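Asks: Sequence:
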Amino acid sequence: QPKFEFVTILPDANFGPILCGDPHSTGSWVVNLMKGEDKDAKVVPNQWYIDIRDDARLHIFGLSKPELADQRIWAAAGPFGWNDLIRILKKHYPDANIPDENPKWVTSPLKVDSEVGRKLLGGWTSLEQCVVDTAKSVGYLAISE
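Going by UniProt numbering, 103 is the number at position 103 of the sequence shown; the sequence numbering is gapless.
Hints are supplied without guarantee of correctness; some may be wrong.
Unchecked claim - With a cut-off of at most 20 Å between alpha-carbon atoms, the simulated SDA-like pairs for lysine to any residue come out as follows: (1) K42 to E67; (2) K91 to P17; (3) K119 to K35; (4) K3 to Q71; (5) K35 to E101; (6) K65 to N32; (7) K42 to K136; (8) K104 to R53; (9) K136 to R53; (10) K90 to Q71; (11) K136 to N32; (12) K111 to E67; (13) K90 to G36; (14) K136 to E37; (15) K111 to G36; (16) K35 to P79; (17) K90 to R53; (18) K119 to P17.
Unchecked claim - Beta-carbon label-pair distances, calculated as ranges: (19) V43 to K119: 33 to 43 Å; (20) S64 to L110: 40 to 50 Å; (21) E128 to D100: 32 to 42 Å; (22) Q71 to L110: 42 to 52 Å; (23) A69 to H24: 39 to 49 Å; (24) T107 to L10: 34 to 44 Å; (25) H24 to Q1: 17 to 27 Å; (26) V43 to C20: 53 to 63 Å; (27) K39 to E5: 35 to 45 Å; (28) D22 to R87: 38 to 48 Å; (29) G123 to L63: 37 to 47 Å.
Keep in mind the hints are simulated off the structure, nothing from the lab. Since we're looking at a predicted model, the values are computed, not measured. Ideal placement from N, C-alpha and C gives every residue a C-beta, glycine not left out.
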């Protein structure tokens with residue numbers, strides 16, 4: 001009988017501040033859109049997102065809350081599509097060369113039960129906040145600043 005327990009945190013696309021180095025994976029999606037590139041949108045399907053800070057907090061809860069033992073927790077704040085990212089970036093960076101929307105890039109219709117994570121956190125960081133924070137963390141200043 002093992003003397004440990006597992007908690008599985010299942011994150012989807014992580015957005016939010018990049019601490020150091022070049023952006024990789026989902027962080028690079030935002031940077032590429034800011035550069036006018038839609039190559040990621042053409043090959044990566046719509047899905048769900050989570051702010052990296054929310055994801056980190058859920059991992060800490062998984063390590064520190066014994067009542068979560070043996071649970072699988074979806075770390076997914078909500079669905080998004082590439083058009084959602086484009087609208088957010090155009091709103092905050094109207095002078096940037098952001099690609100136009102595409103009717104194929106709709107918000108994900110998939111359903112995920114992420115209620116456990118939401119309750120643990122007391123709510124999710126919005127897609128708008130984490131996308132703008134991603135862009136800011138690599139040097140783009142929003143018009144509100």
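Asks: Hint by hint, where does the structure go against what was stated? Just the numbers, ascending.
Replies: Checked against the structure, the hints that fail are numbers 1, 3, 6, 7, 8, 10, 12, 15, 16, 17, 18, 20, 21, 22, 23, 24, 25, 26, 28, 29, while the rest are satisfied.
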